[in-house]
Amino acid sequence: MSDAITAVMTGNEAAATAARLARVQVVAAYPITPQSPVVETLCRWVEEGELEAEFVRVESEHSALTVCIAAASIGARTFTATSANGLAYMNEQIWWAAGARLPLVLCCANRAMAAPWNVLNDQQDSMSVRDAGWVQLYCRDNQEILDTTLQAYRLAESLQVPVMVCYDGFLLSHTVAPVAIPSEAAVDEFLPRGKALPVLDLSDPRNVGPVTLADPRPDSRGVLCHGYMEFRALHHRALGAALQAIPEVDRAFAGTFGRSWGGLTFGHLLEDAEVALVAAGSLAAELSVVAEALRGEGIRAGVLGIRAYRPFPREAVRAALAGKRLCQVFDKAVSYGHEGPICSDLRGALAGVAGAPPVFGAIVGLGGRDVTTATLAGAVRRAVADLVAGVRDRPEEWVDLRL
Amino acid sequence: MGTKDCGHEISMSTPSAGEAGATGDWRTARPELVAGKCLAVRQDDLACQLCWVYCPDLCLAQGVPPTVDLRYCKGCGICAEVCPVDAIAMKPEDGPEGGKP
Numbered sequence: 001m002s003d004a005i006t007a008v009m010t011g012n013e014a015a016a017t018a019a020r021l022a023r024v025q026v027v028a029a030y031p032i033t034p035q036s037p038v039v040e041t042l043c044r045w046v047e048e049g050e051l052e053a054e055f056v057r058v059e060s061e062h063s064a065l066t067v068c069i070a071a072a073s074i075g076a077r078t079f080t081a082t083s084a085n086g087l088a089y090m091n092e093q094i095w096w097a098a099g100a101r102l103p104l105v106l107c108c109a110n111r112a113m114a115a116p117w118n119v120l121n122d123q124q125d126s127m128s129v130r131d132a133g134w135v136q137l138y139c140r141d142n143q144e145i146l147d148t149t150l151q152a153y154r155l156a157e158s159l160q161v162p163v164m165v166c167y168d169g170f171l172l173s174h175t176v177a178p179v180a181i182p183s184e185a186a187v188d189e190f191l192p193r194g195k196a197l198p199v200l201d202l203s204d205p206r207n208v209g210p211v212t213l214a215d216p217r218p219d220s221r222g223v224l225c226h227g228y229m230e231f232r233a234l235h236h237r238a239l240g241a242a243l244q245a246i247p248e249v250d251r252a253f254a255g256t257f258g259r260s261w262g263g264l265t266f267g268h269l270l271e272d273a274e275v276a277l278v279a280a281g282s283l284a285a286e287l288s289v290v291a292e293a294l295r296g297e298g299i300r301a302g303v304l305g306i307r308a309y310r311p312f313p314r315e316a317v318r319a320a321l322a323g324k325r326l327c328q329v330f331d332k333a334v335s336y337g338h339e340g341p342i343c344s345d346l347r348g349a350l351a352g353v354a355g356a357p358p359v360f361g362a363i364v365g366l367g368g369r370d371v372t373t374a375t376l377a378g379a380v381r382r383a384v385a386d387l388v389a390g391v392r393d394r395p396e397e398w399v400d401l402r403l
Numbered sequence: 001m002g003t004k005d006c007g008h009e010i011s012m013s014t015p016s017a018g019e020a021g022a023t024g025d026w027r028t029a030r031p032e033l034v035a036g037k038c039l040a041v042r043q044d045d046l047a048c049q050l051c052w053v054y055c056p057d058l059c060l061a062q063g064v065p066p067t068v069d070l071r072y073c074k075g076c077g078i079c080a081e082v083c084p085v086d087a088i089a090m091k092p093e094d095g096p097e098g099g100k101p
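Protein sequence lines correspond, in order, to chains A and B.
Okay, so the first sequence: first residue is 1 according to my numbering, each after it adds one.
Okay, so the second sequence: first residue is 1 according to my numbering, each after it adds one.
Be aware that a few hints might be false.
A short, non-exhaustive set of chain B residues, derived as facing chain A with CB atoms under 7 Å [as the list claims (entries may be wrong)]:
hint, residue
1, E9
2, I10
3, S11
4, S13
5, T14
6, S16
7, G18
8, A20
9, A22
10, D25
11, V64
These are computed hints drawn from the structure, not numbers from a lab.
Predicted model, so just to flag it, every value in this text is computed and none were measured.
Backbone N, C-alpha and C fix where the C-beta goes; we use that ideal spot for every residue, glycine too.
One chain only, chain B, in its complex shape (with noise of 0.2 Å):
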């Protein structure tokens, strides 16, 4: 019906990026940077970066500041609340109940 044969009859994946899907559909809401408060910004170096550290879906890059790609970023959260000076805003996506990125 459609389905090509992925080559094997147990349910099995390789490790990569999206390999459970675009999970970023999922997030009702979105981890935004707070403009002038991220450490690593303020010192103009890869300081600090412990959203990086804690973001269990390695979505977040490493950077000044780190990125988050939200194709997979379930808006968990973990990384507003790991951040020492409140960098990060977790912002409701639009619609109802949230919405897509």
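One chain only, chain A, in its complex shape (with noise of 0.2 Å):
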């Protein structure tokens, strides 16, 4: 059997149990709400000798993705987890591990941004990353959690991009839930040790990411090396190679373990669906039973869930969305003074597409404002009045905003 057991464990546990099974050699993190119990876990695992790996206590999340960025250099899987302040905190080598294409792996609770204080769970942290260049995964469950992160580091090593799996914190992190766990074995077998990358060798010493000036230039021994801007765009085509990677990586998953998580994009009751209800992370779980009850009153709703958030899956989501009336976004996530990520982008893939249903955009459940069924149901029941009386775009409503 490829799963060994099923034990009931929060989210936070699940992240770590996959680092565990990935063998991960090198762990370092900085304690931060609601992460934090990710690293204690590991932090204790290592201690007691059941996870072979160098735990390096940091003093800031700074440092703990450097100590990651430095590993990954030499050839180490590595492994680190952050929230909110944390992932902030790191911004500076978020760009630094992308560029330098190193196949790290992050698992990011997601929680609120500060100012003002707050711990509990949006998307703000990871969407303000979503530029530097990684590959954000959201995951629904704690099952999913523990298989996104194992697929994510086939998915790193294979591409030489870093990649974020990210979950809601609180709704995932401290929520416990049944997660089969997958054998150390099928695990091995799915992740083949000596796939990382060692851009650093002592016999033929590099400065890795060293000045690189716009134009490309001779180097000193004469061979005409890449400008920066030619960097910046096989960057950005292995970015686009994970649209194919993605869906591959699931579907091996799923013939070793038997889980497939839909790779780009899921459906739930999408297919014959009127209106399209858009979310990321455990948003998208929540939607597919508010779908089910609309459909009890007459709303032919479904939901398509994004998992990948970048690349962004503009094909997938044209296709999903082709031939729907109404597709409302639920973001957890501003834009300030624009629109929810998530909203700006479905519009823009399915910008000049012939028949594209009108996108409206919904905020809901910033700093761990109550997100309930019945709270989704009316914005849906409001987005369809209004589609129904003529319009077809509208400013986003901020859902149960009590001002």
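Hints given; two lone chains; assemble the complex.
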């Protein structure tokens, strides 16, 4: 059996378990709610000898990611986890890790950004680094956290890009659910050792990420090297290649472990739906319940879940939304002064597509504001009423706002 | 577009002189020895050499007197600043904003 046992665990324990199964060699992290139990668990396993890894204690998230960058540069498989202000503190190295094309895996237990101070869930933290060149995958439940983190290593090491596995703080990070734990042998086969790219070699010393100016230029040996823009184009292409690699890895995972998470996106009651409800993370799972309820009252709703947010699955969402009458997006983040990030990207993907549905945006659940199925259903009913009244575009709705 | 594949998708270089390009063309002023002042010359010995110690770009070679590699010297002037006997003067390069060596 590819699964050894099933245990009841939190999302944070699922993330830690995946890191252990991936036999990570270096773990560096700094505590921050709601991520802390991930690395506390890993720390204990290293201390007890259950995980043969270096646990590097650091004084900040910036250093945590820097340790991972250094370790990955010599080919080690690394792990770190963070949330919100911790991720923001890493920001400089988030960009460095991506530009240096290091196969890092980072779990982000999604939490609201300060100020004002708040430790509860929304997705503003990871959405704010969407442009840095990491693959971003959002998880619906604890099993998906474990499985996606394993998939993340295979993706990162095959594409030479870092992967951020995002899951909702508290809603998943601190909520227990049954999780099937794959056997070590099956994971070893799925994630063969030695695939990580060693970019530093004592016998062939290199500067990694040296000054790389605008134009291609000969190096000291006369070999013409790429300029900055060429390296960025190659990086962008690698993210583009992830559009194929993410579903491929998900299929390979399903072949071994019997669970598929849909690759780039997933649907629930979507095929014959007239109203598509779109979200990422646990919100998409909750919307499945909403869609079922709305069908009972005559609104033919379905869910399009965004699993891969970067790269953005433009073709997949175009195909999934073709023929729909309305697309209602729920974002747990805002691009301040504009709109929700998923909403923006979806509008961009559908722009110019003949017969594409109007896209209405909604902002929900910021700073842990409870998002109930009743709240969501109410928002959908209002959107459908507007559509029936002939509205094709409207400002985003801040759902359950009490100003 | 004429760019040879330098072998990898990651920007890397091999540590070597000039790996960051001919940085001498950044220079607006060049260090020049003032005749008769350099301690090494006066003592006819490998004395002082502080300019060599402090050059951040390894553009100075030890000697009597020390010599500057103008292909890479950016003209920062640290050598002139640390010289205990003012034996190095920073001379503006020709041209409106300095110029190339």
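These are the hints, each one checked on the structure:
Hint status for E9/B: holds, given a least beta-carbon distance of 5 Å to chain A, under 7 Å. For I10/B, the interface hint holds, the least distance from its beta-carbon to any beta-carbon of chain A being 5 Å, beneath 7 Å. Checking S11/B against chain A: minimum C-beta separation of about 4 Å stays under 7 Å; hint holds. Because the closest C-beta pair between S13/B and chain A is about 5 Å apart, less than 7 Å, the hint holds.
Checking T14/B against chain A by beta carbon gives a least distance of about 6 Å; that is within 7 Å, so the hint holds. For S16/B, the interface hint holds, since its Cβ comes within 7 Å of a Cβ in chain A; the closest pair sits about 4 Å apart. About 5 Å separates the beta-carbon of G18/B from the nearest beta-carbon of chain A, less than 7 Å, and the hint is met. Because the closest C-beta pair between A20/B and chain A is about 5 Å apart, less than 7 Å, the hint holds.
Evaluation of the A22/B hint against chain A yields a violated restraint, the C-beta minimum of about 10 Å exceeding 7 Å. The beta carbon of D25/B comes no nearer than 12 Å to any beta carbon in chain A, farther than 7 Å, and the hint placing it at the interface is violated. For V64/B, the interface hint is violated, since its Cβ never comes within 7 Å of a Cβ in chain A; the closest pair sits about 29 Å apart.
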